[in-house]
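Could you put together the complete structure from these sequences and hints?
Each residue of the sequence shown is one higher than the one before, counting from 412 in our numbering.
These aren't lab readings, by the way, just hints derived from the structure by calculation. Among these hints, one or two may not hold up.
Cut-off 30 Å, straight-line C-alpha distance, at most; resulting in silico cross-link-like pairs (DSSO-like, lysine-lysine) [said to hold, decoys possible]: (1) Lys-546 with Lys-560; (2) Lys-516 with Lys-541; (3) Lys-554 with Lys-519; (4) Lys-516 with Lys-554; (5) Lys-541 with Lys-560.
Computed beta-carbon distance windows for the label pairs [said to hold, decoys possible]: (6) Arg-574 with Asp-529: 21 to 29 Å; (7) Ala-472 with Ile-593: 25 to 33 Å; (8) Thr-494 with Ala-472: 47 to 55 Å; (9) Asp-575 with Arg-495: 20 to 28 Å; (10) Pro-602 with Arg-450: 41 to 49 Å; (11) Lys-548 with Thr-494: 31 to 39 Å; (12) Gly-501 with Asp-470: 17 to 25 Å; (13) Ala-509 with Gly-553: 39 to 47 Å; (14) Asn-473 with Gly-501: 43 to 51 Å; (15) Thr-518 with Trp-489: 41 to 49 Å.
What you are looking at is a predicted structure, and each value in this text was computed from that prediction instead of being measured. Each residue gets a CB set at the ideal place from its N, CA and C atoms; glycine is no exception.
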Amino acid sequence: MKRLILAAALALTAAPALAAPVAYAIDPSHTQTTFTVDRFGFTTILGAFTTASGTIWIDEANPAASRVEAQVAAASLWAGDATREEHVEGERWLNAAANPTISFKSTKVVTTGPDTADVTGEFTLNGVTKPVTFKVKLNRIGKAPGSGKPSAGFTITGSVHRRDFNIGAALPVGLIGEDVPIRIEVLAVAPAPAAP
Numbered sequence: 412m413k414r415l416i417l418a419a420a421l422a423l424t425a426a427p428a429l430a431a432p433v434a435y436a437i438d439p440s441h442t443q444t445t446f447t448v449d450r451f452g453f454t455t456i457l458g459a460f461t462t463a464s465g466t467i468w469i470d471e472a473n474p475a476a477s478r479v480e481a482q483v484a485a486a487s488l489w490a491g492d493a494t495r496e497e498h499v500e501g502e503r504w505l506n507a508a509a510n511p512t513i514s515f516k517s518t519k520v521v522t523t524g525p526d527t528a529d530v531t532g533e534f535t536l537n538g539v540t541k542p543v544t545f546k547v548k549l550n551r552i553g554k555a556p557g558s559g560k561p562s563a564g565f566t567i568t569g570s571v572h573r574r575d576f577n578i579g580a581a582l583p584v585g586l587i588g589e590d591v592p593i594r595i596e597v598l599a600v601a602p603a604p605a606a607p
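Right, here's the structure in full:
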């Protein structure tokens with residue numbers, strides 16, 4: 412009987428299905444958060460946020476149990492022109508002074524292939540929180556060639572509607588595009604620092 416109990420205990424502690432998801436910290440120096448927006452129908456403006464942070468919990472055995480919490484600083488906007496950046500960070504657009512953080516917290520992961528998933532979560536922009544779904548592709552997971560640290564790389568795509576987040580400037584006459592496509596290239600590295 413003692414042997415059976417010991418064997419059962421060992422089996423439980425060794426079972427890979429019980430392994431906790433691994434926390435990966437988003438590497439801001441190798442993460443690019445980019446977007447595009449139509450301007451007057453003449454050109455498409457490219458932009459990016461240069462400061463990102465967050466944690467991705469990856470469950471390789473059960474990808475649907477993975478999750479993410481990520482943030483970018485609204486005032487880290489780059490749009491290729493200082494005047495444009497100041498304008499977009501202002502009250503009529505991002506209102507970065509009052510709402511300094513753009514964030515995403517996942518609520519559901521639905522796998523769509525061996526390395527792809529639809530990730531739905533609470534997206535907060537301009538102080539407004541709405542559900543948004545992003546398409547996520549896992550590019551590679553393993554030890555990084557340079558650092559030797561466990562790393563994961565992702566390509567994330569989706570879009571948001573400005574009107575949903577009370578960013579209605581230039582919408583009535585259709586001057587600036589309402590739909591804003593987003594593409595994020597993420598590198599995350601384990602282990603993530605423990606929460607304070």
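We went through each hint and held it up to the structure:
Of the supplied pair hints, the one linking Lys-546 and Lys-560 holds, its CA atoms being roughly 26 Å apart against a limit of 30 Å. With a CA separation close to 11 Å, the supplied pair Lys-516 and Lys-541 stays within the 30 Å bound. About 27 Å separates the Cα atoms of Lys-554 and Lys-519, which keeps this hinted pair within 30 Å; it holds. With a C-alpha separation of about 26 Å, the suggested pair Lys-516 and Lys-554 falls inside the 30 Å cut-off, and the hint holds.
Among the hinted pairs, Lys-541 with Lys-560 is inconsistent with the structure: their alpha-carbon atoms are about 35 Å apart, more than 30 Å. For the hinted restraint 21 to 29 Å between Arg-574 and Asp-529, the CB-CB distance of approximately 23 Å keeps it satisfied. In this structure the hint that Ala-472 and Ile-593 lie 25 to 33 Å apart at CB holds, the actual value being about 29 Å. At roughly 50 Å, the beta-carbon separation of Thr-494 and Ala-472 lies within the given 47 to 55 Å, and the hint holds.
Restraint check, Asp-575 to Arg-495: a C-beta distance of roughly 22 Å satisfies the suggested window 20 to 28 Å. A hinted range of 41 to 49 Å holds for the C-beta pair Pro-602 and Arg-450, which are about 43 Å apart. Distance hint for Lys-548 and Thr-494: a CB-CB separation of about 35 Å, consistent with the stated range 31 to 39 Å. Range check, Gly-501 to Asp-470: Cβ separation about 41 Å, and the 17 to 25 Å hint is violated.
Between Ala-509 and Gly-553 the C-beta distance comes to about 42 Å, which sits within the given range of 39 to 47 Å. Between Asn-473 and Gly-501 the CB atoms are about 44 Å apart, so this pair conforms to the stated range of 43 to 51 Å. Between Thr-518 and Trp-489 the beta carbon distance is about 29 Å. The supplied range of 41 to 49 Å is therefore violated.
Comparing the model with each earlier hint shows violations of hints 5, 12 and 15; every other hint is respected.
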